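Engineer: Starting from the known structure of chain P, arrange chain A on it as the hints suggest.
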Amino acid sequence: MIIKLFDAVGKYAENKDTARDIRNKFLLPALEKKEKIFLDFEGVETTTQSFIHALISEAMKKHGNGIFDYVVFKSCNDSIKQFVKIVVDYMQEALG
Amino acid sequence: MKIHLPNSAFLGNVDPLLRGFDPSNPETLEITTNDKWVSVHPFVLSLVASIGLTVKPENIKCEKIEARSKGYLARMNLFKMLNIAFSMDIVEHDPTGRFIPLTQIRSSEEASKFIPEMIPLLKVTPEQAETIVHILSELVRNVLEHSGSPGGAVVCAQYYPKTNRIGIGISDAGVGIKKTINFAHKTRTDMEAIQLALSPGVTGMTDKAGGTERNAGFGLFYIKSIASVNGDHFVIYSGNGFYKLLRKQSDSVRALRLNADPFRDRHSKEEFQAVFNGTAVGIDMTLKQTREFSVLIQAIGDVYRKAIKEKKKGRYKGPTFI
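Chains as they are written, first to last, in the numbering used here: chain P, 192 to 287; chain A, 19 to 340.
Bound-form chain P, shown alone (with noise of 0.2 Å):
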């Protein structure tokens, strides 16, 4: 499954609900599934922490690093990579 992200919240990822929105609709029912689900950022020029913590933590706490089987983090711009991997850092942290 393929989310792009741009149609839902244009160039700006900041609205932590519709990343709330995208977790509960698509990314943890296709964790459940265990089913390969590509989170695309093409056209997305910048987001914040909060967008991408909304997004994913919930996941990383259902699932542990285990997620990183199935999610892909696609065209993603150097900043948007930094805040993934920020997140994805404290929350290994947090959990391990």
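No wet-lab data here; the hints were simulated from the structure.
Here the structure is a predicted model, which is why all the values come from computation and not from measurement.
Among the clues, some could well be false.
As the list claims (entries may be wrong) - With a straight-line Cα cutoff of 35 Å, these simulated DSBU-like cross-link-like pairs (lysine-lysine) come out:
no.: 1; chain 1: P; residue 1: K276; chain 2: A; residue 2: K141
no.: 2; chain 1: P; residue 1: K202; chain 2: A; residue 2: K327
no.: 3; chain 1: P; residue 1: K276; chain 2: A; residue 2: K287
no.: 4; chain 1: A; residue 1: K266; chain 2: P; residue 2: K216
no.: 5; chain 1: P; residue 1: K227; chain 2: A; residue 2: K141
no.: 6; chain 1: P; residue 1: K252; chain 2: P; residue 2: K224
no.: 7; chain 1: A; residue 1: K287; chain 2: P; residue 2: K224
no.: 8; chain 1: A; residue 1: K287; chain 2: P; residue 2: K265
Structural biologist: Structure of chain A alone, referenced to chain P:
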């Protein structure tokens, strides 16, 4: 309530204005100004507007404003937002590239609409836009999620061409930081609450490392860190507590040294007699000093991770041997 706008109140010299704020009789508001000239930071405008929104328009007095800059206050939407009469002929130039007038944001949807619309108005580079989007989003969503402010968040911004700087102010008349933080932590004073709120990994929603599904306690720390790295001012005012991150000289600005404890940064702080029921934040961004965004995030992330580690270490309980 009474508040006086002096001829100059920017983040560096806003302290006397706050010291003079009189919150008694909260059902009325009297705004007075310097007779000749008023030049104030968006922090001040958003603070005054958020206070004013708690008062019925008929109970707000500001008829004695004689300053020539009355037009500026009008252009920044102060009178309109407070729904009070204003009579003066002003030529309304296009604000693009100069300022974002006072805007009230009461919902997540309004925030999502406001942010993409306001960024082009500031005419900043895409990299600078990234920082501004982050600051605004984190601050506005903090207000919407935690403040309990019926009027939501009041935001405005101003570009200062002489110093190539953008000033941003955001304020709410909600419950204040102490009440929010104390859901999960125990703080005795507004200043203690501010200190915690500016520390990485501290959220009012939980005391667990990693936060909740919505909050990780990163936002205010991140914003203070941006100001710190760029050597800019950052202020936060809540309850009777006022914290100011002081500007750094240019030599030290380049060092990417961040402190998890805001009291270890070069700062000033004060506990006022008067209590402001809400939270106001002001930040300056000197555009030429703005560090590359991804480098900044990485540095801030490193401090954040370290703080989580410390937090976990602090919880570790060793066995007892007798």
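Engineer: Which of the listed hints are broken here?
Structural biologist: Checked against the structure, the hints that fail are numbers 4, 5, 7, 8, while the rest are satisfied.
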